[in-house]
Structure formats: C-alpha cells, structure tokens
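This is what each chain is made of:
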Amino acid sequence: MGDLKLMKGNEALAEAMIRAGCDAYFGYPITPQSEVLEYLARESEQRTGMLAFQAESEVAAINMIYGAAGCGRRVMTTSSSPGMSLMQEGLSYIASAELPCLLANVVRGGPGLGTIQPSQADYFQSVKGGGHGDYKLIVLAPSTVQEMVDFVKLGFELAEKYRNPAMILTDGAVGQMMEPVELFDQMPRRTVFPEWATTGKKPGQERRYITSLHIQSEKMEEINHRLQAKYKKMEENEVRYVEMNTEDADYIFTGFGLGARICMKAMQMARENGFKVGLVRPITLFPFPTKVYNDLGARVKGILDVEMNAGQMVEDVRLSVNGQTKVEFYGRMGGVIPSPEEIYEHFIKTFIEGGKK
Amino acid sequence: MLQEAIFAGFGGQGVLSMGMILAYAGMIEKKQVCWMPSYGPEMRGGTANAVTIVSDNMISSPIISRYDTVVALNQPSVEKFESRVKPGGNIIYDSTNILIPPTRTDINIYAVPGSEEAVKLKNIKVLNLIMLGAMIKATNAVNTETVPKALEQVLPERYHKLIPLNMEAFKVGMSYVK
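Chains as they are written, first to last, in the numbering used here: chain P, 1231 to 1587; chain Y, 98 to 275.
Simulated from the structure, these hints should not be mistaken for laboratory data.
Hints may be right or wrong, so weigh each one.
Once the Cα atoms are required to be at most 35 Å apart in a straight line, the calculated DSBU-like pairs of lysine-lysine come out as [as the list claims (entries may be wrong)]: (1) 275/Y with 1358/P; (2) 183/Y with 217/Y; (3) 275/Y with 1235/P; (4) 1506/P with 275/Y; (5) 219/Y with 1235/P; (6) 1531/P with 183/Y; (7) 258/Y with 183/Y; (8) 177/Y with 1235/P; (9) 183/Y with 127/Y; (10) 217/Y with 258/Y; (11) 1235/P with 183/Y; (12) 1431/P with 1463/P; (13) 1235/P with 268/Y; (14) 222/Y with 183/Y; (15) 246/Y with 1383/P; (16) 1449/P with 1462/P; (17) 1383/P with 222/Y; (18) 1235/P with 127/Y; (19) 1506/P with 183/Y; (20) 1235/P with 234/Y; (21) 183/Y with 1556/P; (22) 222/Y with 1235/P; (23) 177/Y with 1579/P; (24) 183/Y with 1579/P; (25) 1235/P with 246/Y; (26) 219/Y with 234/Y; (27) 127/Y with 177/Y.
Residues of chain P clear of chain Y, computed beta-carbon distances all greater than 10 Å [claimed, not checked]: (28) 1407; (29) 1413; (30) 1563.
Don't be surprised by glycine CBs; every beta carbon is placed ideally from N, CA and C.
Can you make the complete structure from the sequences, with help from the hints?
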C-alpha cells in the first residue's frame, strides 16, 4: 500500500485480479475492455502463475469459469455487452450451482452489436437476471478507477461468502480513463479449497457433485427457496451506497457509476445557484439500497435519476420511493454521455420551472 | 485550483500522451487527476483528444463540455473546441498547421508555431512537448520542475535518453507565453 499509480480502469481490473490471488481468467477480447486480457497476458503468469486464457468464444469462456469455479478456484472473466449476452446461459447455470466467481461487464452502447462508446444499458441484464430462472448476481458499480481495484477484492469476498457469482458493472469510459490508484498488497493464491469443491475424490471421502440439473420439481423448488433465502440475506447485510449533501437537500440527484459522477458536478452547479441538491450513489445495484430512497422520498421535493440508458435503475428508485415524491428521469442512449450542464438544465426545467406551474 | 483541459489533434501527433504527461505531473504533485481519452472511431483517422483534469479537490465528472484550456494541433480541433472554452480560458494552437486562427475575444489565444520549432529541433515528435510547455506556462496547472519526473513515468525506459530533448522542446514552448 502507499504508492499511487496512474492506471486505466481496465488495467486496474487486471492488476487487482492478480493481486487478489485469482487463479485463472478466461475471456475473449472485445472493445472497450480488451486491455484486461492484454495486461494479464503480459503479467499474470510470471508473477503468480495465474492462468490468463483466451477462449474461443464468450460461451466457452463462461463455461470454463463454471468448471474452474467448481474446482474451488478463484476465477474471473470480463467482457462487454454483446459478449456478456453470450455468457448469460452459463451464468444462470453457475448461479444455480451456487459457485463463486467474478465477472466485469465494461458496458458499451446497444442494443445489438451497437457501438463501442460507453453506456449503462445493461443494468436490467445484470440486476434482474439476464439469463433464465430466478437468480440474482451481486452487482457492484464502480465510479472511479480506484473502485475498479477495490471492487475486484470486494467482489471475490462477497462471491465466496455467499457462493454466488458477483459482477462489476462498469462502462467503457471508466474502463478507458486513467486515475491514480492505491493498490492493495499481493494476496497469496489459495492452496486449500472449499469443502464443496470437486477436486478429485480421495479414498474414504464423500462424493461431491455440482450440477444445476434437478429433474424432480420438489428438489428444484427446495433449491429455489435456498437461493431466495440467500438473496434476502444479501439484502439485509450487503447494501452499500454513498450519500452526499443529503442532510439539508430539497432535491436528490441519483445515478450509478460514471452517471453518478456527472451528477456530482451537476449537483455542484445547482448548489452554486442556490438550490439545495444532494446525491445518492448506489454501490451495490443488487442488493439495491431501497431504504435510503424510501427515507429521502418522504422528505425531499423531488428526485432526478440520471443514467446512460432509457431509464432502468429509475424503476428501482420509483419502487423504493413508492410514490412519496416525484421521481424524474434524464438519460442519453447508444453510447452518448450526458453533460453536467444538460443534467442541470433538465433539473431546472422539470423541478424549478415546472414546479411553478 | 481546478484545470479542465482538452488536448486535440490528429491521431499520431501525441495528443493522448500530452494529456498523460500532465496527469502524471499532477499526480506526482499529490493533486487529483483524471485522464479521459477519446477511444472511438475518431481515433482511426480523425480527431483524437484527451481530457485531462488537474485539481486540488476531488474530481467530480470526468465528462465535461466546457474547458479552461484547449490545446489544438489541427484545424478541425479549433473548429470543434473554440466555442467550448470557458470565458477567460485559454486556447493554445499550433500556428504552423492551423491557418485559420481562433477569433474569440473573451479568451486568451496563444499562437505557438510548434511544428516549425519541432523541425528546428530535428524531431517532429517533440511537437507535443512544445505545446505542453506553452500550456503549463499559461495555466500553472503543475510546476515545470515536475515535468521531467512525469516523462520518466510516461516514457518506456529505452526512451529516457530523449528526456533532455523533450525538455528543450518544452522550454521552447514556454517561451511563446509571456
């Protein structure tokens, strides 16, 4: 610890992976996150023996993650939107089999092959279960390069604590930008693996079996109950968010990741012009910080949610606020990033001028 | 102190590294910094740019649409960014390449014949350091003594022998800002 290093968000993900004692990375290159595999290919094997493997496709990569996670290894993959879509089937299997692993989606504009510019349009896919079945990922939304580092460590911790896949949901801009980071010390790779890991049956040892297939529906329902109980525990214990200037706020700006930082500047502009605006930035998108929005909803005049999509997290904000105050949305789509000025102007138009009518 | 700058020019002119050197220098001085490159299709032939923010306080948005300083190395950059300079801000442009100069009267305009001076130094690649010299002299975003230390971090070790030439270019750029 101590020394600051100027790093790109994608490089920070890769460096943090090595330092977190990750055993293997399986991935397939896609802009805007190809630096992750490039960095690992240069660094990982010679430093810790960590495998950095370019699979033949994203479908193969996620199934390699499934296999290696089943062996109790600490594993991670990264991709960007179209590639992450390809991984959804495997992700559903991993969630069902209750295996810990970490993913990062460096989101680009969609739908379809879309654009390579930054976007936040994969919120629904990440938070609501992009694959089939009733499952949840732990979803972390970094807004700085430092958080790209911190959330790799946190993501592995939470994934292993709950035996559940975790995801870092970020975007092309955070992946490409450089900021100073403080790195954590190198953690050793594990030599002892969890008691459920399929590492080869020793004589006298009970047979271990990992699967997501359960033909009997009663058995499948029992597993669903177990999963839901686990998700509830996450909601009770793992909610993380940041509040700024909310104590005296009349209005709240909210957004996640890069969107929240743009909101922060818009909030400063509003404060300079005499409007008491605060900010809420969820760090965990699942579990979602429902309570803070509900509490603020009871006492503020309005909430402006800003995202780089057509309005996704705003649905969760509205559910949390539950009609207590007005929740407005402002967003740009397809890889376009809103400017702080646009957000401020939208705030004035909808809440200040609109409020006078 | 808050300096929100954009460096813009053709891909290959060293605009991205210009911003990166400033970012490293700011970090060495324990300031908050953020460097955000354009990474879209414009990098492949059109105008490339890098926003660099240096601040005494926490940096909010890395996405900005108004700049304290624009450093322009080609004509399209002047056309694109002149209107986005904050009043009282700066535009520093390569007057060898840019034939139609900026015209605003509410900002400081610095004409630096960077390409011509780079040819005199017998290395066109130092154009970016010439322009950066003018930029740092005009804005005091970082101390000039920090720049060689930043170069040590930005340049791979095999190019460290070029640091004196780069600093010579840097000083030439400074001389154009009085």
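Going through the hints against the structure:
| no. | hint | result |
| --- | --- | --- |
| 1 | 275/Y with 1358/P | violated (59 Å) |
| 2 | 183/Y with 217/Y | holds (33 Å) |
| 3 | 275/Y with 1235/P | holds (34 Å) |
| 4 | 1506/P with 275/Y | violated (42 Å) |
| 5 | 219/Y with 1235/P | holds (33 Å) |
| 6 | 1531/P with 183/Y | holds (32 Å) |
| 7 | 258/Y with 183/Y | violated (38 Å) |
| 8 | 177/Y with 1235/P | holds (32 Å) |
| 9 | 183/Y with 127/Y | holds (26 Å) |
| 10 | 217/Y with 258/Y | holds (19 Å) |
| 11 | 1235/P with 183/Y | holds (31 Å) |
| 12 | 1431/P with 1463/P | holds (32 Å) |
| 13 | 1235/P with 268/Y | holds (27 Å) |
| 14 | 222/Y with 183/Y | holds (29 Å) |
| 15 | 246/Y with 1383/P | holds (31 Å) |
| 16 | 1449/P with 1462/P | holds (20 Å) |
| 17 | 1383/P with 222/Y | violated (41 Å) |
| 18 | 1235/P with 127/Y | holds (11 Å) |
| 19 | 1506/P with 183/Y | holds (25 Å) |
| 20 | 1235/P with 234/Y | holds (25 Å) |
| 21 | 183/Y with 1556/P | holds (34 Å) |
| 22 | 222/Y with 1235/P | holds (26 Å) |
| 23 | 177/Y with 1579/P | holds (27 Å) |
| 24 | 183/Y with 1579/P | holds (23 Å) |
| 25 | 1235/P with 246/Y | holds (14 Å) |
| 26 | 219/Y with 234/Y | holds (23 Å) |
| 27 | 127/Y with 177/Y | holds (32 Å) |
| 28 | 1407 | violated (4 Å) |
| 29 | 1413 | holds (14 Å) |
| 30 | 1563 | holds (15 Å) |
Hints 1, 4, 7, 17, 28, counting from the list given before, are not met by this structure.
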